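Visitor: Take a look at the letters that make up each chain.
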Amino acid sequence: MIGASSHGVIGRWRRIIAVCAVLVLATACGNPLRGGAEGGDDGRIVIGASDVGESLLLAEIYAGALRGAGADDVTVRPPVGGREVLVQALQDRSLTLAPDYSGNLLRYFDQDTSATTSDEVYRELPRALPEGLEVLDQSPAENTDMLVVREELAAQGVRTISDLAPRCDRLVFGGPGQWGERWRREIRELYGCEFKEIRTTDTGGPVTVEALRSGEVQVANMFSTSASVYANGFVPLEDDRDMFPAQNIVPFAVEGSLSERERDALDRVSAALTTEKLTELNVEFSERKRNPADIADEFLAQARNR
Amino acid sequence: MSLIDELGTYLGSANTRAQLWAALAEHGYLALLPILFGVVLAVGAGWLGQTWPQVRGTLAVVANLVYTIPSLALFVVIPGVIGTTILDSINVVVALSLYTAALLVRPMLDAIAAVPQAVTASATAMGYRPARRYFGVELPLAVPVLAAGVRVAAVSNISLVSVGALIGVGGLGRLFTDGFQREYYAPIVVGVVLTLLLALVVDLLLVLLRRVLTPWQRPAPTRRADEEVAA
Amino acid sequence: MIAETVAWFGDAANWSGPGGVPARVLEHVGYVALALAIALVIAVPFGLLVGHTGRGAVLLVGAGNIVRALPTLGVVTLFFLLLAESTPAAVVGLVVLAVPPVMAGTYAGVQSVDAHVVDAASGVGMRGMQRLWQVEVPIALPMVLGGVRNAVLQLVATAAVAAYVGLGGLGRYLMDGLAILDYAEVVAGAVLTAALAVVLDLLLAGLQRIVVPRGVRLAELTRSKGPA
Numbered sequence: 001m002i003g004a005s006s007h008g009v010i011g012r013w014r015r016i017i018a019v020c021a022v023l024v025l026a027t028a029c030g031n032p033l034r035g036g037a038e039g040g041d042d043g044r045i046v047i048g049a050s051d052v053g054e055s056l057l058l059a060e061i062y063a064g065a066l067r068g069a070g071a072d073d074v075t076v077r078p079p080v081g082g083r084e085v086l087v088q089a090l091q092d093r094s095l096t097l098a099p100d101y102s103g104n105l106l107r108y109f110d111q112d113t114s115a116t117t118s119d120e121v122y123r124e125l126p127r128a129l130p131e132g133l134e135v136l137d138q139s140p141a142e143n144t145d146m147l148v149v150r151e152e153l154a155a156q157g158v159r160t161i162s163d164l165a166p167r168c169d170r171l172v173f174g175g176p177g178q179w180g181e182r183w184r185r186e187i188r189e190l191y192g193c194e195f196k197e198i199r200t201t202d203t204g205g206p207v208t209v210e211a212l213r214s215g216e217v218q219v220a221n222m223f224s225t226s227a228s229v230y231a232n233g234f235v236p237l238e239d240d241r242d243m244f245p246a247q248n249i250v251p252f253a254v255e256g257s258l259s260e261r262e263r264d265a266l267d268r269v270s271a272a273l274t275t276e277k278l279t280e281l282n283v284e285f286s287e288r289k290r291n292p293a294d295i296a297d298e299f300l301a302q303a304r305n306r
Numbered sequence: 001m002s003l004i005d006e007l008g009t010y011l012g013s014a015n016t017r018a019q020l021w022a023a024l025a026e027h028g029y030l031a032l033l034p035i036l037f038g039v040v041l042a043v044g045a046g047w048l049g050q051t052w053p054q055v056r057g058t059l060a061v062v063a064n065l066v067y068t069i070p071s072l073a074l075f076v077v078i079p080g081v082i083g084t085t086i087l088d089s090i091n092v093v094v095a096l097s098l099y100t101a102a103l104l105v106r107p108m109l110d111a112i113a114a115v116p117q118a119v120t121a122s123a124t125a126m127g128y129r130p131a132r133r134y135f136g137v138e139l140p141l142a143v144p145v146l147a148a149g150v151r152v153a154a155v156s157n158i159s160l161v162s163v164g165a166l167i168g169v170g171g172l173g174r175l176f177t178d179g180f181q182r183e184y185y186a187p188i189v190v191g192v193v194l195t196l197l198l199a200l201v202v203d204l205l206l207v208l209l210r211r212v213l214t215p216w217q218r219p220a221p222t223r224r225a226d227e228e229v230a231a
Numbered sequence: 001m002i003a004e005t006v007a008w009f010g011d012a013a014n015w016s017g018p019g020g021v022p023a024r025v026l027e028h029v030g031y032v033a034l035a036l037a038i039a040l041v042i043a044v045p046f047g048l049l050v051g052h053t054g055r056g057a058v059l060l061v062g063a064g065n066i067v068r069a070l071p072t073l074g075v076v077t078l079f080f081l082l083l084a085e086s087t088p089a090a091v092v093g094l095v096v097l098a099v100p101p102v103m104a105g106t107y108a109g110v111q112s113v114d115a116h117v118v119d120a121a122s123g124v125g126m127r128g129m130q131r132l133w134q135v136e137v138p139i140a141l142p143m144v145l146g147g148v149r150n151a152v153l154q155l156v157a158t159a160a161v162a163a164y165v166g167l168g169g170l171g172r173y174l175m176d177g178l179a180i181l182d183y184a185e186v187v188a189g190a191v192l193t194a195a196l197a198v199v200l201d202l203l204l205a206g207l208q209r210i211v212v213p214r215g216v217r218l219a220e221l222t223r224s225k226g227p228a
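Protein chains in written order, with the numbering used here: chain A, 1 to 306; chain B, 1 to 231; chain C, 1 to 228.
Keep in mind that the hints were calculated from the coordinates and are not lab data. These figures come from a predicted structure and were not determined experimentally. Warning: the hint list may mix true and false statements.
Unchecked claim - Straight-line alpha carbon distances no greater than 20 Å define the calculated EDC-like cross-link-like pairs of lysine to aspartate or glutamate that follow:
| id | chain 1 | residue 1 | chain 2 | residue 2 |
| --- | --- | --- | --- | --- |
| 1 | A | K289 | A | E276 |
| 2 | A | K277 | A | E260 |
| 3 | A | K289 | B | E6 |
| 4 | A | K277 | A | D294 |
| 5 | A | K289 | B | D5 |
| 6 | A | K196 | A | E186 |
| 7 | A | K289 | B | E183 |
| 8 | A | K277 | A | E255 |
| 9 | A | K196 | A | E216 |
Let's have the full structure, built from the sequences with the hints guiding it.
Guide: Take a look at the structure:
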């Protein structure tokens, strides 16, 4: 009895193995991530984005431009982390390209740089970048860090970071996790401002907005093209001693990974992008909640028709 | 704008729909591939436990321990441990394979241990060597237990994949980070609904698969008719 | 990587202030305890009711299955946006995920009470409530705690994920470390989170063993020693 049924069981077991083999094959063939780890030589282009909202929008614009220039295998990866993650991913070739900001990028590789204007920063960048990475033409569009406060504080005569400095020790600051490491020393040396506490909120996103709105923090780090600064009536403080360097948008890429035609397409896109235009696109993205790929398509169509 | 309108606008974009399909496919792949690896690991653990009964306790403790590790913690540490790149989807696959195995090992060991002595003895008497006995007799008898574990693991994996969005690999999880960043309900709601649907469909498929694999467990036709009458 | 992590743990700066290990661990335990307390208040009465009366069991099990399939990140982000984007609101998302395991444990515990025992209790003249509190609840308690253990594991893990929406706790090390690829911090966060989960689980496992009523333990002892 047992013997008979166990023979049947063996036959069935073969069937199980066959089913599993088919499943393995199916998942291997249907793998939507196939080759996802490699950006570079094979003509496959993987574009990354940081967790700054507009980064994804810029990545979609680059993707559209590259497809327009004949690249047929272009992927935009979900946004993740800060510059550290993107640099690492470009260096290990998980990514081909990512939008970045000239000033912070330079400062990331050269802590002691004194370059602050757009031209100075862009001139110094190639020298500072590690082997194998390059920047393409920078765009006139800029998105700088800025410190913002609520109207009540601004109404007390705080208009610049210098105005803020004497009060810093009573104020709680909110910004991205990496802010303290990047700017704490800088703002102390330049302005004599030492915040009572530096809290991690997020990178100019909803956590930061809510923290400032609720008074949990009194000063926050946000970005000049961000639609939510004005939507919430926050007041940006003038960086009167040029602590934050120029932040022109610049495609940051693996050297030699793009064809001449693809590079031209990105250069044209960068030239067409202005700070004003980018702020408009950001409103479409973060206020009107449109799909970034749709916004990118529209922008690219307009840019072509000009 | 009401949520319905918002969903309409959101799904109205062809780009959005294309991205949703891609995210859904990626999600299914990231959740289900680990099931295969997890089953293989659990079958291996069962074999270890059957060959050396003294390691059963250790295997069970290790499995329990792995299962207590919070998902985000496991996701972020894996690239450092196995040397993959940080954005590689393999990180999520490895983490979920470990969870699946951890979930299956305990019931697997119990099921193998629960095979009646008479059955293993007859198999041995018929000339089955240990390996053939394990794969030919004990393992098939453990399939119902394994299948129950696989159902639990599949649902739990489908839920956990989303956390991968925090390390840049997350299938439908991308909708949650997007919705959060833009204070936008539509992608979050769509993401939750699609995740639940995926879990439901996969669970149904697994029930079907189990029925195919364990025909001896199907109720006899006459009895089933009785049950239907009773119901 | 290991050396860096050890150095991280050795750095005194990581042990003091609002971002230090003790503060973060306390925060994390705080979220878990708060969410669990709320979940208990909601889930235990429901579980007892369903288990005692046997009504609504299908619904309860179905709801439990659905919640198990819910993506935790989706729940956390959704509740963050729904509840005025305040950080404590993230705790509500945690509660949602903790209720089903507790409810399932409670229900299963009461269900598992031997019908003969319930009959005997009625036989000696116990009323419904009396029977519930003096017989069914004590016997069910270990299984209720089993549900609590599942809930706590879920909570420790989800509280870490909730760092994404700005919640404090150990998830901060994971998210902040990841954002700047500070692997020592990430690994430290992972080790602490996992250790917290294991410690809480062991504590509850111990408690689970202690609360088994003496009668039940004796019964099991005789059963396991008795003839097969």
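Visitor: Does each hint hold? Answer for all of them.
Guide: To see whether the hints hold, each was checked on the structure:
Between A:K289 and A:E276, the direct Cα distance comes to roughly 19 Å. Compliance with the 20 Å bound is thereby established for this hinted pair. Note on A:K277 and A:E260: the hinted pairing is violated, with a Cα-Cα distance of about 26 Å set against a maximum of 20 Å. Restraint check for A:K289 and B:E6: the C-alpha separation of about 9 Å stays at or below 20 Å, so the hint holds. Proximity of A:K277 to A:D294 is assessed by CA-CA distance (about 15 Å); at most 20 Å being required, the pair is judged to hold.
Note on A:K289 and B:D5: the hinted pairing holds, with a Cα-Cα distance of about 13 Å set against a maximum of 20 Å. For the hint linking A:K196 to A:E186, the alpha-carbon distance of about 16 Å falls within 20 Å, and the restraint holds. Straight-line distance between C-alpha atoms of A:K289 and B:E183 comes to about 9 Å, which keeps the hinted pair within the 20 Å bound. This hinted pair does not check out: A:K277 and A:E255 have alpha carbons roughly 28 Å apart, beyond 20 Å.
Taking the CA atoms of A:K196 and A:E216, the gap is near 13 Å; set against the 20 Å cutoff, the hint holds.
Of the numbered hints given earlier, the model fails hints 2, 8; all others are met.
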